[in-house]
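Asks: Going by our numbering, 71 is the number at position 42 of the sequence shown; the sequence numbering is gapless.
Label-pair restraints from in silico Cβ distances:
#, residue 1, residue 2, range
1, Pro70, Glu33, 31 to 37 Å
2, Asp67, Leu39, 20 to 26 Å
3, Thr73, His52, 42 to 48 Å
4, Asp40, Asn68, 23 to 29 Å
Keep in mind that the hints were calculated from the coordinates and are not lab data.
Computed from a prediction, not measured in an experiment: that's the story for all the values here.
Cβ atoms here follow ideal geometry from the backbone N, Cα and C, with glycine treated the same way.
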Amino acid sequence: ELSEAVNAKLDEGWKLFGHPFAHAGEFYQAVVGKVEVDNPPRKTTED
30 ELSEAVNAKL DEGWKLFGHP FAHAGEFYQA VVGKVEVDNP PRKTTED
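Full structure from sequences and hints, please.
Replies: Here's what the structure looks like:
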């Protein structure tokens, strides 16, 4: 199950972060990705 979930994220452009680890009998893998924002913050000038 972990491999399928991780591979799905990799197909979406996510990247692996660190090593897989186990906790309380469950396995985890951190993944990171870039979030696209429709309305990025605008730069403002100081008065």
